[in-house]
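2 protein chains.
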Amino acid sequence: MSDKRFHVLGIGNAIVDVLARTDDAFLESREMVKGGMTLIDEITAGNLYGEMQAPMEQSGGSAANTIAAMASLGSDCAFIGKVCDDLLGERFTDAIREIGVTFETAPAQDTTSTARCLIFVTPDAQRTMLTYLGTCVELGPRDIDADMVADAQITYLEGYLWDPPEAKEAFIRAATIAHEAGNKVSLSLSDAFCVDRHRDDFLQLLEGHVDILFANEDEITSLYQVDEFDDALQYVRGHCEIAALTRSENGSVIVSGDEIHVIDAAPVTEVVDTTGAGDAYAAGFLYGMTHHLGLRDAAHVGSVAAAEVISHMGARPAEPLGSLIEHKLNLKN
Amino acid sequence: MSDKRFHVLGIGNAIVDVLARTDDAFLESREMVKGGMTLIDEITAGNLYGEMQAPMEQSGGSAANTIAAMASLGSDCAFIGKVCDDLLGERFTDAIREIGVTFETAPAQDTTSTARCLIFVTPDAQRTMLTYLGTCVELGPRDIDADMVADAQITYLEGYLWDPPEAKEAFIRAATIAHEAGNKVSLSLSDAFCVDRHRDDFLQLLEGHVDILFANEDEITSLYQVDEFDDALQYVRGHCEIAALTRSENGSVIVSGDEIHVIDAAPVTEVVDTTGAGDAYAAGFLYGMTHHLGLRDAAHVGSVAAAEVISHMGARPAEPLGSLIEHKLNLKN
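As given, the protein sequences belong to chains A and B, one line each in that order.
Residue numbering for the first sequence follows our numbering, starting at 17 and increasing by one per position.
Residue numbering for the second sequence follows our numbering, starting at 17 and increasing by one per position.
Okay, chain A solo, but in the shape it has when bound (with noise of 0.2 Å):
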């Protein structure tokens, strides 16, 4: 698959976040579900904004973060994803573009803003999450540029992109382009309220859209509505090609068919806030897809680009990811 120009694209909602740490009587004070990603109105965002201490502003997004950790592991990536052509819009261009990623989803020219997502970080380095989606809800099928997905070997695309309406179509018009050319599909669960909302749509994309899932264990046990890690475990298995599980501090099963590795977390110092956690370990994981690792070193590669993201504020590598995994990891491929 070397002749592609791009190890992967991501298609997912182009997100600014906003992050400030907080304490938990504070997430109880305005209800919110801590460990969660709730959608809110744009004056609810304005409104929660203007309580946040010392925000930090930084681009986020699911797919995007993934795709910036996968930027600086060295690989060559894509994007799609929806701004507007404001301030924040611009922010986010420019930033996934200096890190090298191919981004040229028209910007919306209209009223609505730039999405925007407040984390809340609480002690216990646990994030909560509230997504203003602002101009995300325009992405389409028309953005799906059909020679970007035909030339990328992975089209990642996250669950959140089923919130927004059109989007989904976005998702199956990029899933089916890449299938036919030869490509594979992976999908992030997201988020176990997202699954939640799109269970049974979710469960019929495993069916035949995609190659690599990506889920953590709140969001697996919620997809086959299951109690225990393993009865999802049995499920997933029959399911789909290659199965990503993360399940935090006691690392990741990965499974494909008989294949099947458990794999450790990388030590942390200290963990500080675990926003885009999953996304650096998926970063990590088609990282090694993409560069002739084996599943057991793809998930190493993920487990130590998560652990770099959890050990700072904020969900992108504060260090260049492909140094730290040449320091780190022993590839025995």
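Just so you know, these hints were derived from the structure itself, not from any lab.
Values in this document were obtained by computation on a predicted structure and should not be read as measured data.
Be a bit skeptical, because a hint or two may be false.
[Stated by the list, open to error] No more than 20 Å apart at the CA atoms, straight line, and that leaves these computed lysine to any residue pairs for SDA-like:
no.: 1; chain 1: B; residue 1: K50; chain 2: B; residue 2: E233
no.: 2; chain 1: A; residue 1: K344; chain 2: B; residue 2: D247
no.: 3; chain 1: A; residue 1: K184; chain 2: A; residue 2: R158
no.: 4; chain 1: A; residue 1: K344; chain 2: A; residue 2: G310
no.: 5; chain 1: B; residue 1: K344; chain 2: A; residue 2: D247
no.: 6; chain 1: B; residue 1: K20; chain 2: B; residue 2: T118
no.: 7; chain 1: A; residue 1: K344; chain 2: B; residue 2: V242
no.: 8; chain 1: A; residue 1: K50; chain 2: A; residue 2: S264
no.: 9; chain 1: A; residue 1: K184; chain 2: A; residue 2: Q220
no.: 10; chain 1: B; residue 1: K344; chain 2: A; residue 2: Q220
no.: 11; chain 1: B; residue 1: K344; chain 2: A; residue 2: D243
no.: 12; chain 1: A; residue 1: K20; chain 2: A; residue 2: G90
no.: 13; chain 1: A; residue 1: K20; chain 2: A; residue 2: F42
no.: 14; chain 1: B; residue 1: K344; chain 2: A; residue 2: E244
no.: 15; chain 1: A; residue 1: K344; chain 2: B; residue 2: E244
no.: 16; chain 1: B; residue 1: K184; chain 2: B; residue 2: T54
no.: 17; chain 1: A; residue 1: K20; chain 2: A; residue 2: G198
no.: 18; chain 1: A; residue 1: K50; chain 2: A; residue 2: P71
no.: 19; chain 1: A; residue 1: K20; chain 2: A; residue 2: L309
no.: 20; chain 1: A; residue 1: K184; chain 2: A; residue 2: A166
no.: 21; chain 1: B; residue 1: K20; chain 2: B; residue 2: I193
no.: 22; chain 1: B; residue 1: K184; chain 2: B; residue 2: E233
no.: 23; chain 1: B; residue 1: K184; chain 2: B; residue 2: M53
no.: 24; chain 1: A; residue 1: K344; chain 2: B; residue 2: D243
Model the placement of chain B on the given structure of chain A, informed by the hints.
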């Protein structure tokens, strides 16, 4: 296999445990291998016994503990192991018969004494064991009751049998009889240092003599001389019919051909003493194997049994495990 008299026959070192709480400084001052099992002579055992604060005496022995826990689960069990005709030997014999286990091995009639294991429990609930094997060194092939082996669905043997010189011959004889009778043979690797002493023999055993293997993470990585659990997992998959690999608070992983289960540890309010955790897990798992439960549910019974045993001092169950699993498990088979 239900026409057999015994669900499981255990063969192991017949040992009386002496447990006491201590601190890490004591272990260091005596140069003890924390978490390990070290063989000591009778004089050292006598000296160390004198240093134990408020020692608690209870029948032990790894396979014997497993058999005791299986009896507590309501299974029909037998045990073969060598005591001396001394006071400790009587206590061991009375205790195991009292819970309904068939135990008919002729006691030794000589000057060595019944084996003792001095167990030092540190505040982190870790146990450090020092064993004087005593009469255990006299267990040999002649002690293997062929009818008993033939009449047990599973013959369960502890890796510690490789320490006394003649017991390994007893082990091979028992395994051969079991297989000739169409029964299963199960081995626990016992201890990472024990694996280190007998690696080549254990690897050979797995090739033909062992159907169900129990090992914790340290033992299985020691067996295959690898750093990571996942690497050991890949080796063991091709090596025996069923492997149940325990990972302390990270639960267990069961592999059998294409089948794999990743099972959480059962919740414990307070971990008091980890002595016997692996023995109890094996008991629960073997209970499942001999009561038509699947691997998943067998592992759950193992987890619940282990959780009970680590919640108090001593390696044998303090409450009847049979009623405990009825309450705690919602077995789905």
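Verification of the supplied hints:
1. B/K50 with B/E233: Answer holds: B/K50 to B/E233 is near 16 Å, not above 20 Å.
2. A/K344 with B/D247: It holds: about 18 Å lies between the C-alpha atoms, which stays within 20 Å.
3. A/K184 with A/R158: Between A/K184 and A/R158 the Cα gap is close to 12 Å, so the pair holds against 20 Å.
4. A/K344 with A/G310: Distance of about 17 Å is within 20 Å: holds.
5. B/K344 with A/D247: OK: B/K344 and A/D247 at ~18 Å, within 20 Å.
6. B/K20 with B/T118: 14 Å, holds
7. A/K344 with B/V242: Satisfied, since the Cα-Cα distance of roughly 17 Å is no more than 20 Å.
8. A/K50 with A/S264: Holds - the C-alpha atoms of A/S264 and A/K50 are around 16 Å apart, at most 20 Å.
9. A/K184 with A/Q220: Answer holds: A/K184 to A/Q220 is near 13 Å, not above 20 Å.
10. B/K344 with A/Q220: Between B/K344 and A/Q220 the Cα gap is close to 35 Å, so the pair fails against 20 Å, i.e. violated.
11. B/K344 with A/D243: 14 Å, holds
12. A/K20 with A/G90: 15 Å, holds
13. A/K20 with A/F42: Between A/K20 and A/F42 the Cα gap is close to 48 Å, so the pair fails against 20 Å, i.e. violated.
14. B/K344 with A/E244: 14 Å, holds
15. A/K344 with B/E244: Holds. A/K344 to B/E244 sits at ~14 Å (cutoff 20 Å).
16. B/K184 with B/T54: Holds: B/K184 and B/T54 sit about 19 Å apart, inside 20 Å.
17. A/K20 with A/G198: Between A/K20 and A/G198 the Cα gap is close to 11 Å, so the pair holds against 20 Å.
18. A/K50 with A/P71: It holds: about 18 Å lies between the C-alpha atoms, which stays within 20 Å.
19. A/K20 with A/L309: 18 Å, holds
20. A/K184 with A/A166: At roughly 19 Å apart (the allowed maximum being 20 Å), A/A166 and A/K184 satisfy the hint.
21. B/K20 with B/I193: 14 Å, holds
22. B/K184 with B/E233: 24 Å, violated
23. B/K184 with B/M53: 18 Å, holds
24. A/K344 with B/D243: Measuring from Cα to Cα gives roughly 14 Å; hence the hint holds.
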